[in-house]
Amino acid sequence: MGILKHRRKLIVNREVQYDALMFVGLFVTGIFLAQVIAGWVLVSKLEEKALAGEYGSMSIAEFIGRHKVMFLMNEFIVVAVCLVAGFYLTNRVTSKIVGPLFNIRRIINKATRPEDAAEPVEIKLREGDYFQDLAKDLNVALKKTK
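In my numbering, the protein residues as written are 267 to 412.
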């Protein structure tokens, strides 16, 4: 029963968390589909060779020994391409999160320094960045402190 008393909200910031969950879901689905397609193409090629009689009465052990590197490379290439694309897209998505937080922190630090106290400070985020509402709220608070 002690576990249930410490319930927390799973979704704290819908905009950020839903986009992140959607991205992860699409990424995992993309890797799965790419592997299925690559496997289907490979099996189709092997089936064509088998129908042409290239394998004769080859045992399963001989078949695996002959094609194991091709199986592994087929899957490795697909996963490697998906991971490179995934890292690139993850960097794009996280820059929409980390960039605004870095900018907010920089502006707040500037506002708290005595030598910069005379300058008006305002948090400006790029279009499409997350935390636009937080920046607006902080701008209101920064104006009230001046």
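You may find that some hints are simply not true.
Taking lysine-lysine pairs in the DSS-like style, the calculated list, with each CA pair at most 27 Å apart, reads [claimed, not checked]:
1. K376 - K409
2. K410 - K275
3. K362 - K376
4. K334 - K315
5. K409 - K275
6. K390 - K410
7. K334 - K376
8. K376 - K402
9. K334 - K362
10. K402 - K390
11. K315 - K362
12. K311 - K334
13. K362 - K311
14. K390 - K409
15. K376 - K390
Simulated from the structure, these hints should not be mistaken for lab results. Values in this document were obtained by computation on a predicted structure and should not be read as measured data.
Results of checking the hints against the structure:
The hinted pair formed by K376 and K409 meets the criterion: a straight-line CA distance of about 14 Å does not exceed 27 Å. Distance hint between K410 and K275 is unfulfilled; the C-alpha atoms sit about 31 Å from each other, more than 27 Å. Pair hint K362 plus K376 holds up; C-alpha atoms about 22 Å apart against a cutoff of 27 Å. Taking the CA atoms of K334 and K315, the gap is near 16 Å; set against the 27 Å cutoff, the hint holds.
Proximity of K409 to K275 is assessed by CA-CA distance (about 32 Å); at most 27 Å being required, the pair is judged violated. At most 27 Å may separate the alpha-carbon atoms for a hinted pair to count; K390 and K410 meet this at roughly 17 Å. Straight-line distance between C-alpha atoms of K334 and K376 comes to about 60 Å, which puts the hinted pair past the 27 Å bound. With a CA separation close to 17 Å, the supplied pair K376 and K402 stays within the 27 Å bound.
Proximity of K334 to K362 is assessed by CA-CA distance (about 42 Å); at most 27 Å being required, the pair is judged violated. A hinted pair counts as satisfied when its Cα atoms are at most 27 Å apart, and K402 with K390 qualifies at roughly 9 Å. Using a Cα cut-off of 27 Å, the hinted pair K315 and K362 is violated, with the two alpha carbons roughly 49 Å apart. For the suggested pair K311 and K334, the alpha carbons sit about 15 Å apart, so the restraint of at most 27 Å is met.
Restraint check for K362 and K311: the C-alpha separation of about 43 Å exceeds 27 Å, so the hint is violated. Simply put, K390 and K409 have alpha-carbon atoms about 14 Å apart, close enough for the 27 Å limit, and the pair holds. A distance of roughly 14 Å separates the Cα atoms of K376 and K390; the hinted pair therefore holds under the 27 Å criterion.
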